[in-house]
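Number of protein chains: 2
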Amino acid sequence: MIWVDGTLLPRRRARIDPTDRGFTLGDGLFETLAAENGKPLHVADHLARLSRGADELGIPMPFEAGEIAAAMAELMKANELTQGLAALRVTLSRGVGARGLLPPESPSPTLVIAAAHRVAAPETLSAALVEIRRNEGSPLSRLKSLNYLDNVLAQQAAVRAGAEEALMLNNKGRVVGFARGNIFALIGDGLMTPPLADGVLDGITRHRLIRLAGRLGLNMAEHSLDLADLDRARGLLVTNSLLGAVPLARLDRRALSVPPALAQLVSLHRRDEMSEAGH
Amino acid sequence: MIWVDGTLLPRRRARIDPTDRGFTLGDGLFETLAAENGKPLHVADHLARLSRGADELGIPMPFEAGEIAAAMAELMKANELTQGLAALRVTLSRGVGARGLLPPESPSPTLVIAAAHRVAAPETLSAALVEIRRNEGSPLSRLKSLNYLDNVLAQQAAVRAGAEEALMLNNKGRVVGFARGNIFALIGDGLMTPPLADGVLDGITRHRLIRLAGRLGLNMAEHSLDLADLDRARGLLVTNSLLGAVPLARLDRRALSVPPALAQLVSLHRRDEMSEAGH
Numbered sequence: 053m054i055w056v057d058g059t060l061l062p063r064r065r066a067r068i069d070p071t072d073r074g075f076t077l078g079d080g081l082f083e084t085l086a087a088e089n090g091k092p093l094h095v096a097d098h099l100a101r102l103s104r105g106a107d108e109l110g111i112p113m114p115f116e117a118g119e120i121a122a123a124m125a126e127l128m129k130a131n132e133l134t135q136g137l138a139a140l141r142v143t144l145s146r147g148v149g150a151r152g153l154l155p156p157e158s159p160s161p162t163l164v165i166a167a168a169h170r171v172a173a174p175e176t177l178s179a180a181l182v183e184i185r186r187n188e189g190s191p192l193s194r195l196k197s198l199n200y201l202d203n204v205l206a207q208q209a210a211v212r213a214g215a216e217e218a219l220m221l222n223n224k225g226r227v228v229g230f231a232r233g234n235i236f237a238l239i240g241d242g243l244m245t246p247p248l249a250d251g252v253l254d255g256i257t258r259h260r261l262i263r264l265a266g267r268l269g270l271n272m273a274e275h276s277l278d279l280a281d282l283d284r285a286r287g288l289l290v291t292n293s294l295l296g297a298v299p300l301a302r303l304d305r306r307a308l309s310v311p312p313a314l315a316q317l318v319s320l321h322r323r324d325e326m327s328e329a330g331h
Numbered sequence: 053m054i055w056v057d058g059t060l061l062p063r064r065r066a067r068i069d070p071t072d073r074g075f076t077l078g079d080g081l082f083e084t085l086a087a088e089n090g091k092p093l094h095v096a097d098h099l100a101r102l103s104r105g106a107d108e109l110g111i112p113m114p115f116e117a118g119e120i121a122a123a124m125a126e127l128m129k130a131n132e133l134t135q136g137l138a139a140l141r142v143t144l145s146r147g148v149g150a151r152g153l154l155p156p157e158s159p160s161p162t163l164v165i166a167a168a169h170r171v172a173a174p175e176t177l178s179a180a181l182v183e184i185r186r187n188e189g190s191p192l193s194r195l196k197s198l199n200y201l202d203n204v205l206a207q208q209a210a211v212r213a214g215a216e217e218a219l220m221l222n223n224k225g226r227v228v229g230f231a232r233g234n235i236f237a238l239i240g241d242g243l244m245t246p247p248l249a250d251g252v253l254d255g256i257t258r259h260r261l262i263r264l265a266g267r268l269g270l271n272m273a274e275h276s277l278d279l280a281d282l283d284r285a286r287g288l289l290v291t292n293s294l295l296g297a298v299p300l301a302r303l304d305r306r307a308l309s310v311p312p313a314l315a316q317l318v319s320l321h322r323r324d325e326m327s328e329a330g331h
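Top line first, the protein sequences correspond to chains A and B.
Under my numbering, the first residue of the first sequence is numbered 53, with each subsequent residue one higher.
Under my numbering, the first residue of the second sequence is numbered 53, with each subsequent residue one higher.
Errors might be hidden in some of the hints.
Since the list gives no way to pick one copy over another, a pair counts as held whenever it fits inside one copy or between any two copies.
Derived EDC-like pairs (lysine to aspartate or glutamate); straight-line CA-CA distance at most 20 Å [stated by the list, open to error]:
{"no.": "1", "residue 1": "K91", "residue 2": "D278"}
{"no.": "2", "residue 1": "K224", "residue 2": "D278"}
{"no.": "3", "residue 1": "K224", "residue 2": "D281"}
No lab work stands behind these hints: they were computed from the structure.
Could you build all of it, start to finish, from the sequences and the hints given here?
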């Protein structure tokens, strides 16, 4: 079952108009949320980010946060996802439009919510540096827009290289993060993550990790990183809403360990997620 | 009426699956063609480019070129577009996929063809330089992928600045072209257009213009351009499949004239299009 514009219905009967600008131009945004035992995690943070992005693109939000949260609950129930781990995806597009780039003056946006099972995150992950660069010169690099084909190609390149995550640089050669997550690097005794201006997705888990690192008394900074900085790093994390915070065990041919400071942060984040999930 | 996966049907009954990767990730490509009196122009060139792009992305073409051309004819007839000017759009997506970035192993692509009226191109156009950069570090900058939201934002910025076309640079500050077309600059007695490596869309009209410039004996070169080069330019053209080749009458606050060499090229291109259309 899938939820489309206020109606819950079997996926095979659900319909997007072929002239929807989400389909024709990637004109929209999405959110991916983890859910546990029927409870979506950090739903307010995700819907606030979606709403900020929609403001930036000039897409009116067609439903209130409360309606979207209720839809998620109804959808998980209908798909028997109220026990264990699930993933939710909220997709907002600008809706149907005439030919051409310019949006209609009064858009009638499309909102889709889908739910699926997910498995628990692994203890560690591997990554490979890929060639495709992220566009620091576009506001879309900071938004979860429907323009995700660069990330698809990057992820495919990483898998071809025998890795699980794709490390991406921007056009200046600065580290941006992974095709499906943000990056944190422990360098000396400082924990660093690149600033949004480098073309970094404004990640919900990235925000939470920055705050949790402060709670642990880590020397946390948003700072541009290049590959030489990663070479010096004592440990690296990949973070996103489904994985949480996962240390890298390998970047290209280099094996990485998990220094105590990172292990502590990962474990604090896990406890924080469990408390959010109501354990 | 719209054509979806082999069937011609009323748009309101046509359906894209909400989990189609064209909608969820912009995972696909499109082509826009001009048609005149029911004849699509340069259909072989457009379908060859679509097929090359699909190869590059690993999307199998679900229909033969002949079937697509027949569908275009049927669609224009059904929409009473066999007289006068029309625009056709062919959209290819990788089709339905499970959650996540990685495509299914055996994708079942979606192909949509839409047709609409269009008006004749104006004699001249105006342009404004916009802030959003094109990503020279991604292969998508050279393909007409469904990731077109940067172009949408650029076009909106140009319109806000009182112009009709959005001039875009890449992250190195090099000129790429317009949000909806390629650029040609007459500098001294040389006609220049930026190389694909600068993040330039591999335009069908761009190719034709390069060949036609050769026929006119113009000193034609693919060469990187920066804003200082455009300041020195004696004239500028915007080119795409619907507009053809149109001189700029204004770039930001600078008025531009149309030197005889550009007027000749525009007129040769127009004759070439008319002969393609069967006049």
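Which of the numbered hints above does this structure break? Those not satisfied come down to hint 1.
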